[in-house]
Each structure stands twice: as C-alpha cells, then as structure tokens.
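J.: I would like the entire structure built from these sequences, with the hints used as guidance.
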Amino acid sequence: EKIIDPSTKPKISKEDGPNLAVVRNSILAGSIAGMTSCIMFHPLDVVRTKIQSTTSMTSSAPIAAASKSSLDTTAASSYRFRSAATISKSPSVISIFSHTIRNGGFRALYTGLSLPFGAQAVYKATIFTSNQIIRKSLIQWKTDERRKVGNFTPYSLTLSDYFLCGASSGAINAFCFVAPVEYIRNQLIAQHTRLSSQKTRVSSIANQQQQAKPIMKGPLDVISQTIKTNGITGLWRGAGVTLMRDSFGCGSFFFMFEYGQTHLPAITGYQKDSLVNSIGSGFMAGFGYW
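So that you can map any letter, position 45 of the sequence shown is 45 in UniProt numbering, and since no number is skipped, the others follow by simple counting.
Warning: the hint list may mix true and false statements.
Straight-line alpha carbon distances no greater than 27 Å define the calculated DSS-like cross-link-like pairs of lysine-lysine that follow [as the list claims (entries may be wrong)]: (1) Lys136 to Lys148; (2) Lys142 to Lys272; (3) Lys136 to Lys272.
No lab work stands behind these hints, which were simulated from the structure alone.
T.: So, in structure tokens, the structure goes:
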C-alpha cells in the first residue's frame with residue numbers, strides 16, 4: 001500500500017493550474033475579438049451616451065431660453081424652433097443617429113474610439129492573467145486546507161469558484177483601466193453633442209457660457225482638463241458602477257463558459273475542447289457577460 005508523506009505538497013494538475021499557452025492564446029484571441037467588437041458596436045455606445053447627455057441638456061433648455069432678455073421675439077422663437085428641431089425632449093435612437101450624421105458625418109459615430117480600441121489588449125491581458133493567478137491561488141489554498149484534515153487530493157474548481165475568480169479579475173480591470181477609459185470616451189462624445197447643438201443656436205448667455213468651455217481635441221486634453229478641475233480622482237468618476245457591472249459581467253462570463261464546457265459535450269457528442277463546444281461555450285459566455 002502506498003504511503004503518502006503529509007510533508008510533501010501534492011502536484012496540481014495542468015488543468016487546474018495556470019497554462020501559459022492558454023493565457024497567451026486567450027489574450028491574443030480576446031484582443032482581436034475586442035477590437036473587432038469595438039469597431040462594430042462603438043457607434044451604439046456613441047448613440048447611447050448622446051441620449052444620456054442630451055436628456056440633461058434639454059432639461060436645462062427652458063432656463064436658458066428664459067434668460068434671453070436681450071433677444072427680440074423673432075430670435076427667441078427661432079431659437080426654440082431650431083433647438084426643438086435639433087434635439088427633442090425625448091430623443092430616440094433614430095433622431096440621435098441622424099443628428100450625429102448631420103453634424104459630423106459617419107466619422108462622428110466613432111468619436112472617442114481611439115482609447116477604448118487601443119485598450120482592448122490591456123483589458124484582456126489584465127482579465128485573463130489576473131484570473132489565472134486568482135485561480136492558482138485559490139486551488140493552492142483549498143488544497144492546503146484539505147491536507148490539514150488528511151485529504152491529499154488536489155482541489156478542483158467549482159462553478160461558483162469560476163464565478164468568484166472571474167468577478168475578481170473583472171473588478172481589477174474595471175478599476176485600473178475601464179473606468180478612466182470610459183470616462184474619457186464619454187467626455188469626448190458629450191462634447192461633440194454640445195458643440196453640434198451650438199451650431200443651430202442663436203447667441204445667448206447660456207451659449208456664451210458653453211462656448212467659454214475649452215474644447216478638448218482628444219484623450220490627452222480630457223485627461224489634462226479633468227486633472228486641472230477635479231484632480232486625478234476625477235478620471236474615476238462613476239467607477240463604482242463600472243466596477244459592479246464588470247465584476248458581475250466577467251464572473252458570469254467565466255461561469256457560463258465553464259458551464260458550457262461541462263454540459264455541452266453530452267448534447268453535441270463532441271469532446272470538451274472541440275471547436276463546436278468552444279463556440280457554444282463562447283456564445284453562452286458572451287450572453288452571460290451582457
């Protein structure tokens with residue numbers, strides 16, 4: 001009968017431990033997929049952000065109109081007509097989309113794209129690398145705890161463990177990179193909305209105040225202006241919501257991917273690591289993330 005020496009640590013299988021090739025391929029594939037997705041769906045982010053920003057702008061429009069004591073009745077009527085034609089009180093996706101095209105062409109749909117596009121590789125490297133490190137640490141800790149009670153078999157991750165590791169890696173990435181990158185992107189999109197709206201407005205006190213704001217030409221200008229006005233922490237405005245979104249999103253991503261890898265072989269009849277099951281698991285993971 002084989003005697004196990006308690007002083008020796010059990011070997012952790014390659015399946016449970018970090019696999020550098022898997023991490024490398026995941027980062028590469030994830031970066032390409034992220035960049036492709038960014039190009040395809042960034043216009044939708046622009047429209048969404050514009051809807052949010054124009055809602056706040058239209059809510060303050062009556063105050064701006066009331067302050068035009070120096071304008072004649074015709075100019076005031078023209079202002080109200082043009083403002084209503086430009087941005088409605090309840091902007092729809094179609095109206096915002098057409099307004100963006102009219103005030104900048106199709107290029108305006110990719111306002112603020114450069115930073116999120118370039119950050120995709122950083123996102124994926126952070127998520128997959130930190131996820132593997134957390135998995136390894138959890139496996140080692142759980143295995144050591146088992147050894148204390150005389151169980152010397154290596155610990156295997158459960159679905160809840162995959163969710164926990166994924167959520168942790170998503171939170172790390174969201175706090176370090178996603179929050180400031182999305183803040184910068186949204187500032188550029190909101191600025192485009194403000195500037196395009198000014199083109200059809202009659203000069204007023206409110207308009208002069210808006211024109212007094214410095215125009216940010218790119219991400220570096222946004223960073224500079226934000227630090228000047230709100231300090232470095234201003235770049236992390238709204239980080240709490242971003243952190244919650246990405247932690248649950250990444251946790252669900254890795255949970256659903258592993259769930260698919262575990263249960264799809266019985267449905268498809270293919271091996272766990274087959275292309276069919278990988279695509280199916282990836283589809284489930286993407287659905288779980290969003």
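J.: Now, for every hint given, state plainly whether the structure supports it.
T.: Hint-by-hint comparison with the structure:
1. Lys136 to Lys148: Holds, because 19 Å separates the two Cα atoms, which is no more than 27 Å.
2. Lys142 to Lys272: Holds. Lys142 to Lys272 sits at ~25 Å (cutoff 27 Å).
3. Lys136 to Lys272: holds (21 Å)
When the structure is compared with the earlier hints, no violation turns up for any of them.
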